[in-house]
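*Asks:* Sequence:
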Amino acid sequence: MAKRRNFKSESSIKARARKALDRNADKHDPNERAKDLKGTIDKVKTVFSAEKWGFIIIAIASAGTAVFSIFGPNQLGNMISEMQLQVKSKIAGEGYDLSGVWKLLALIVVIYVISCIATYIQQYTVAGLSQRIVFKLRGDVNEKLSKLPLKYFDSSTKGDVLSRIINDMDNISRNLQNSITQLISALVTIVGVMIMMFITNFTLALITVLALPLCTFIAAFVTKRSQKYFSKQWEQTGEINGHIEEMFTAHKLIKVFNRQEKSIEEFEDINDDLRRSTQRALTMSGVIMPLNDAVNNIVFVLICVIGGVLSISGTINVGDITAFLVYSKLFTHPIQTISGTINQLQSALASFERVFNLLEEEELVPDTVNTTLGEVKGKVEFRNVRFRYHEDKPLIENFNLVVEPGQTVAIVGPTGAGKTTLVNLLMRFYELRGGEILVDDVNITDISREELRETFGMVLQETWLFSGTIRENIAYGKIGATNDEIIEAAKAARANHFIKTLSEGYDTVLEEDGSNVSQGQKQLLTIARAILANPKILILDEATSSVDTRTEVQIQKAMLEMMKDRTSFVIAHRLSTIRDAHTILVMNNGNIVETGNHEQLLAKKGFYYELYNAQFTGADTQEEEYEE
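Numbering-wise, the working numbering puts 140 at position 140 of the sequence shown, and it's gapless, one number per residue.
Hints in this document: simulated from the structure, not taken from any laboratory.
Some hints here could point you the wrong way.
To be verified - Within a straight-line C-alpha distance of at most 27 Å, the following computed BS3-like cross-link-like pairs (lysine-lysine) qualify:
(1) LYS158 with LYS147
(2) LYS144 with LYS478
(3) LYS536 with LYS379
(4) LYS45 with LYS136
(5) LYS491 with LYS393
Stated by the list, open to error - If you anchor each label on the Cβ, the simulated ranges turn out as follows:
(6) SER155 with ALA614: 31 to 41 Å
(7) THR283 with ASP367: 44 to 54 Å
(8) GLN556 with SER518: 16 to 26 Å
(9) GLN615 with ASN370: 41 to 51 Å
Every residue gets a Cβ at the ideal spot worked out from N, C-alpha and C, and that includes glycine.
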């Protein structure tokens, strides 16, 4: 039996290809991650610079917390020493006075209360700071998305883009809030504790401080090797989100072709890759804390032994040893905190890098507004237009066409002939590689995209509805549309009848993607939206493909009424829908191979004649085009 082929979706193939490229990049350039890490840190510094006052407040509050926390053990040692003196005094029969002990106890309570207040200020400030940083990043990303060309979204999976906007942002917010406080507090605490330890006893302090460079070396060594796994972890998180989003939106198709098992297998492959990357990242970074614990425990034992020897020799008293043991824990705790924070920082930096990569994507060519269209008549002209999606694959070469105001131009041809591409160029969704397009003799690059697109109304084969009422979805076509205008547009699109049969009528709330109405009904709503917009030029991309024959006839009547005195571009696969067009452009391989009206093209018995017969008589299935 022949081995069953594994047909994967296009976006899954793209994701796998990008993954393979990433692996090859890692193999060829082992230092690339380190360079990316440094560049990301520099960009993070730039982001943080706008919040310098917030960091100053956090540093002051952290310093206050650390100072009072450090000063507390010192007073605790003094209190123990004072109690020791009073005990000796009582044993000697000289009596005792605990007033000094009570004063020291009151001072310790005040110290820790102030430390608690400083900690609250620190936490409150860092929460606001981290949210402001993420708020600005979200705003930058949202603004960036509006400036990205269509080719970015065509070449990126939805799940990966959403992962950068949602998952990576949440990861940055969560880890920033935790790590900033911990890192600043830990650094201030280390410095303060070092000062107090050297004041208390130089020998014991020197033993404790010797552990610092060793712990720092361990952290740096592990961080350098674990960062690439954190980067892979978030890349694969985007990949798995893309797969889930794709499988969810295409779940009916998957069931129709019984591809559930294959979909699950592909998910498990991606999920297993994510598990391995996450496990490696956490395992490697998790080594830091136990290694530091081992170093710190050894130091603690040395302090106990050497402190005991010094106490016997009378060099240090018991109170100072008690304070020093507390200091040693205060000194090792921030080191452990920094070790744990490194995990969070690495994960946050990986997310920062993915967000920065999105923000650095090539943007649309900026508008150069040299003129305005004024009152649009509807003349459209293509002059020597050239375009290709890839440099080595020409698509449209030296395309010329003049469409007079009010004419209907139908564009037909086989899949991949360039029909939709022509419309995308007209709307400036893609930029030309050569030539120019003019509307009313004005080059479309001399006006703003906003003004250009206000001139057009589009009804696409792929319907788009948002979560909201039917009334709101239709009103999307015109700002400030009245209720009467909405109803008239629905009537013109032959949608009013089915809307009134719904329980809530025009106030019926559509579920996500309009899944509680049929595909044909969704198409009627998008047509009503276009009618409401009342554009000067229409673009209809197989607008009636999702409706039944009877509804199609009704919509055609509405469309013919709407297209009166308007320039219209109609992309059609069903040739019966464009018989009344003034001009039919027959495209193949990006070029116009025939031009004329329906009768003229049939009389030529050329390419259009073959397409027409193939569609209506089934005489020519052109099987050779589909052979592998």
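*Asks:* Hint by hint, note whether the structure agrees.
*Replies:* Outcome of the hint check:
Restraint check for LYS158 and LYS147: the C-alpha separation of about 17 Å stays at or below 27 Å, so the hint holds. Our distance criterion of 27 Å between C-alpha atoms is met by LYS144 and LYS478, whose separation comes to about 25 Å. With a C-alpha separation of about 10 Å, the suggested pair LYS536 and LYS379 falls inside the 27 Å cut-off, and the hint holds. Proposed proximity of LYS45 and LYS136 is supported: the alpha carbons are some 14 Å apart, at most 27 Å.
With a C-alpha separation of about 45 Å, the suggested pairing of LYS491 with LYS393 is violated against the 27 Å cut-off. SER155 and ALA614 have their C-beta atoms about 33 Å apart, which keeps the hinted 31 to 41 Å range intact. A hinted range of 44 to 54 Å for the beta carbons of THR283 and ASP367 is consistent with their spacing of about 51 Å. Against the hinted window of 16 to 26 Å, the Cβ-Cβ separation of GLN556 and SER518 comes to about 19 Å, which satisfies the hint.
In this structure the supplied range 41 to 51 Å holds for GLN615 paired with ASN370, their Cβ-Cβ distance being about 45 Å.
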